[in-house]
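Top to bottom, those sequences are chains R and E. Heads up, the first sequence is in my numbering, so the first residue is 1 and it goes up one at a time. Heads up, the second sequence is in my numbering, so the first residue is 1 and it goes up one at a time.
No wet-lab data here; the hints were simulated from the structure. One thing to keep in mind: the hints can contain errors.
To be verified - With a cut-off of at most 30 Å between alpha-carbon atoms, the simulated DSSO-like pairs for lysine-lysine come out as follows: (1) E/K110 to R/K315; (2) E/K113 to R/K107; (3) E/K133 to R/K72; (4) R/K249 to R/K309; (5) R/K254 to E/K133; (6) E/K110 to R/K72; (7) E/K189 to R/K315; (8) E/K174 to R/K315; (9) R/K107 to E/K133; (10) R/K204 to R/K192; (11) E/K113 to R/K312; (12) E/K189 to R/K72; (13) E/K57 to R/K72; (14) E/K57 to R/K315; (15) E/K133 to E/K110; (16) R/K72 to E/K113; (17) E/K189 to R/K50; (18) E/K110 to R/K107.
Unchecked claim - These stretches of chain E come out as covered by chain R in the derived footprint (C-beta under 8 Å, 3 or more residues): (19) 52-61; (20) 70-79; (21) 86-92; (22) 125-136; (23) 194-204.
Unchecked claim - Only part of the chain R face toward chain E is listed, based on derived beta-carbon distances under 7 Å: (24) H67; (25) R68; (26) K72; (27) N76; (28) A80; (29) P84; (30) R88; (31) L236; (32) G237; (33) V337.
On a predicted model such as this, the values are computed, not experimentally measured, just so you know. Every residue, glycine too, gets a C-beta built ideally from N, C-alpha and C.
Spelled out from the first residue to the last, the chains are:
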Amino acid sequence: MSVHSNDSMNEMSNLDLETPEKPYLDSNELIINMGPQHPATHGVLRVILKLDGEKVLGTECVIGYLHRGVEKIAENRTYAMFNPYVDRMDYVAAVSNGLGYCEAVEKLMNVEAPPRAKYIRVILTELNRIASHQLWLGTHALDIGAMTPLFYTFRDREEILKIFEKYCGARLTTHAFRIGGCQYETYAGFEKDVKNFLTHVAPKIDEYEALLTTNRIWLERTKNVGVISGADCIALGVTGPVLRASGVKWDLRKAQPYAAYSEFDFEIPVGTNGDTYDRYLVRMAEMRQSLRIIEQAVNGIPEGPIMGKVPKVIKPPVGEIYHSIEAPKGELGYFIVSDGSTQPYRIRVRPPSFVNLQALDMMVRGLLVADVIAVIGTIDIVLGEVDR
Amino acid sequence: MADEVKSPAPPPPPEGEKKPTAEKPAAAAPAAPAKPAAPAKPEGPVPMPWTSPLVEKYRSQYGSGLDAQTYLGQNYFSVDRSLIPDILRLLRDDDQFDYCVDITAVHYPKREKQFDVLWNLYSYARNERVRVKTQIADGASIPSSVSIWPTANWLEREVYDMFGITFDGHPDLKRILLPDGWHGHPLRKDYGILQQDQEWVQINLGIESGQ
C-alpha cells in the first residue's frame, strides 16, 4: 500500500503510520488445514498450518486416523499369529517389518536362523528397500510436479513385486519370513529372476537421475528446502536417509549388523547439506548400494536348511528384548516383553516414520506452503506406520 | 480366536496350543506335578549383573537406588523413580547417550507400582545401547525428558495416550493417536481388546457402535 487517498488515510488514522515496522495493512495469521484427505500427505495426515501469507510460521501434525491398535492386538495373539500384522504397518516395506519382528522374537528365544535363510532374508529385504525408495521417488516427484518418474518407478517396482509374488504369493504384505527362518524355499529360477532384475534396474536408476538430478525445476524445488542439521536430527531422534543426508554416517546394517549384513561389502551414502535434494541423492545412492548387496548375496547364497530349530509352540522364556533394524525409513525397533506364555505380554514398535515426522515442524518453518508438500514427501512417511 | 476376550484376565492360549500343557499333567499326575515344571524354568538365560566402568560410576553416585543388569547381551538400569530425570540427563551429558530411541511403558496390574516406564537410549559415539527402567504407581506422574531429548515430546504423548501416565513439565501433554475426547487408555491390561469409548463413537460418528 503505497498510494492512499486522503479519505482512506483518515479512515486508517488509528494506524500508527510513523513507525515503519507497522504495516499499513494488518496481515492476520491464517490457520489452515492441510489434509487429512489430501493427496500429497501420503495417507491420512492432517497438518494444521499457521501462515503469514504464504509463509509457514508453525505447524502441528494431527495423526492417528489410521490407528488400529497394533500393539494391543499383539497382546491378544500368539507370536506366530502376530507376524502378518507387522506387514500392515509400513506396508510399502512389509518385508523389513517382518525381518525386524522375526529377528526380535528369535533373539528372545535365543535361536538363530540358518545361513541360507539369512541370505534369502537379505535379498528380499534389500529388494524391498529398492521398492520402497522407488515408491517414495515416484510420489515425491509427483508431489513436486514431475509426473514422469512415477510411471518409471512403478514400472520397475513391478519387477520386484513379481519376484515377491512368485516367492510367497503376495505382492505387498508379504509375510515372507517366519520366526526361526523362512517358510518357503526359493522357487526354481529365483536366482535368475533376481539377477535379471539387477541387470535390468541398474540403468533404470540412471534414467530416474537423468530426469531429475540436473533438472532446473527439481533443483529449485529441493535445494535448500527443509534443511535440518545432523545435531538436530540426533536430538529429534531422526534416523534413516534423513539423518544420513545431514552428514551423519550411521546405518544399523553397519553399526550393529543383523541378519547376514556383516558379510557384505557396501557403503553408507551420506549427504552434506541436509536439504531435500541431498535426501534425494542419498536415497538414489542407497538403491545402488542395495543392488550391490543383492548381487553379493545372490552369488554367495549357501545351501542348507531354511528353518532353525524352533519348537512348534513358540514360548519365549520370561524376559525382554529390544531389537532394531535399518528399515528403508530409519530405525525400526521391536521391544518385546515375554511372560513365558505363548502370547507376548507387550510389544512396543518403535516406528521410524512416527519419530521422523516430528521433525516436520522444524524443517518447514519459514518456508512456503508449496515447500511443505516437498518436505512431507522427503521425510518419507507411511501413515500406516505412524499411526499403527 | 482371542478376539472374544473382553477384559483383565490374561487371554487363554488358542485351541491348538493347549495340547502340550494338557498332556503333561496327565503323564506326571501321580508323582510330583511341581517337579517337571521346576527345571523347565531356569532353562533360558537369566538376567546377570552388569559390570562396567559406567555402572561403577553410577553406583558410587546413586548407591542403592540403582540396579544394573544385563539380559541376552542387553544392558539396563533399574532405577528408583526419584533418580529420574537426573540420571537421564547425566547419561546424555556425561556419557554421550545422545539419541533417545524410544520411551515406552509396560503395565503390570497385579503389582503395587503398576507401571514400568522405559527409556531406550543409544550413544552414537560409543555405539552402545542402554535401557533405563523405573516403576511408578497408577496415577503417579514422572518428570518429562523433553528438555533432555526433544524427541521425547511425541513419545511421551503416546505413553500418556496409551497408559495414562502423566509427564510433569511436558510442553503440550495431550493425546496423540486417539481423539482428544476419548475416555480410557487402551494399552492398560484392564482395557479389553474390543472395548471402545461408545459414547464418543455415538456422539462423533453418529453410529451406535464402532464394532
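Hint check results:
The hinted pair formed by E/K110 and R/K315 meets the criterion: a straight-line CA distance of about 22 Å does not exceed 30 Å. Taken as a hint, the E/K113 and R/K107 pair is honoured in the structure, with Cα atoms around 28 Å apart against an allowance of 30 Å. Simply put, E/K133 and R/K72 have alpha-carbon atoms about 21 Å apart, close enough for the 30 Å limit, and the pair holds. Of the pairs offered as hints, the one joining R/K249 and R/K309 is violated, with about 36 Å between alpha carbons and a cut-off of 30 Å exceeded.
Proximity of R/K254 to E/K133 is assessed by CA-CA distance (about 28 Å); at most 30 Å being required, the pair is judged to hold. Taking the CA atoms of E/K110 and R/K72, the gap is about 19 Å. The hint holds against a cut of 30 Å. Restraint check for E/K189 and R/K315: satisfied, since their Cα atoms lie roughly 20 Å apart, inside the 30 Å limit. Distance check on the hinted pair: E/K174 and R/K315 sit about 37 Å apart at the alpha-carbon level, beyond 30 Å; violated.
Pair hint R/K107 plus E/K133 holds up; C-alpha atoms about 20 Å apart against a cutoff of 30 Å. Taken as a hint, the R/K204 and R/K192 pair is honoured in the structure, with Cα atoms around 19 Å apart against an allowance of 30 Å. Of the supplied pair hints, the one linking E/K113 and R/K312 is violated, its CA atoms being roughly 36 Å apart against a limit of 30 Å. Between E/K189 and R/K72 the alpha-carbon distance is near 9 Å, which keeps this suggested pair within the 30 Å criterion.
For a cut-off of 30 Å, the pair hint linking E/K57 to R/K72 is broken: about 38 Å separates their Cα positions. Using a Cα cut-off of 30 Å, the hinted pair E/K57 and R/K315 is violated, with the two alpha carbons roughly 37 Å apart. Restraint check for E/K133 and E/K110: satisfied, since their Cα atoms lie roughly 18 Å apart, inside the 30 Å limit. About 21 Å separates the Cα atoms of R/K72 and E/K113, which keeps this hinted pair within 30 Å; it holds.
For a cut-off of 30 Å, the pair hint linking E/K189 to R/K50 is broken: about 39 Å separates their Cα positions. With a C-alpha separation of about 27 Å, the suggested pairing of E/K110 with R/K107 holds against the 30 Å cut-off. Counting residues of the stretch 52-61 of chain E whose C-beta sits closer than 8 Å to any C-beta of chain R gives 0, which falls short of three, so the coverage hint is violated. Residues of the stretch 70-79 of chain E lying with their CB closer than 8 Å to a CB of chain R number 3, which satisfies the three-residue condition for coverage.
Residue count for the stretch 86-92 of chain E with a Cβ under 8 Å from a Cβ of chain R: 0. That is fewer than the three needed, and the coverage hint is violated. For the stretch 125-136 of chain E, the stated coverage by chain R is satisfied: 3 residues place a CB nearer than 8 Å to a CB of that chain, which reaches the threshold of 3. Against chain R, the stretch 194-204 of chain E contributes 0 residues with a C-beta closer than 8 Å to a partner C-beta. That does not satisfy the three-residue criterion, and the hint is violated. Because the beta carbon of R/H67 sits about 5 Å from the nearest beta carbon in chain E, less than 7 Å, this interface hint is met.
Annotation: interface hint on R/R68 violated; nearest CB of chain E at approximately 10 Å, more than 7 Å. For R/K72, the interface hint holds, since its Cβ comes within 7 Å of a Cβ in chain E; the closest pair sits about 5 Å apart. Here the hint on R/N76 is kept, as its CB sits about 4 Å from the closest CB of chain E, short of 7 Å. This hint is violated: R/A80 has a C-beta 10 Å from the nearest C-beta of chain E, more than the 7 Å allowed.
Proximity of R/P84 to chain E is violated relative to the hint, the smallest CB-CB distance being about 13 Å (cut-off 7 Å). For R/R88, the shortest C-beta to C-beta distance to chain E is roughly 15 Å, which exceeds 7 Å, and the interface hint is violated. With 7 Å as the threshold, the beta carbon of R/L236 comes within range of chain E, its nearest partner Cβ sitting at about 5 Å, so the hint holds. Using the Cβ-Cβ criterion of 7 Å, the hint placing R/G237 at the interface with chain E is satisfied: the shortest such distance is roughly 3 Å.
For the restraint placing R/V337 at the interface with chain E, the shortest Cβ-Cβ distance is roughly 6 Å, inside the 7 Å limit, so the hint holds.
The earlier numbered hints that this structure contradicts are 4, 8, 11, 13, 14, 17, 19, 21, 23, 25, 28, 29 and 30.
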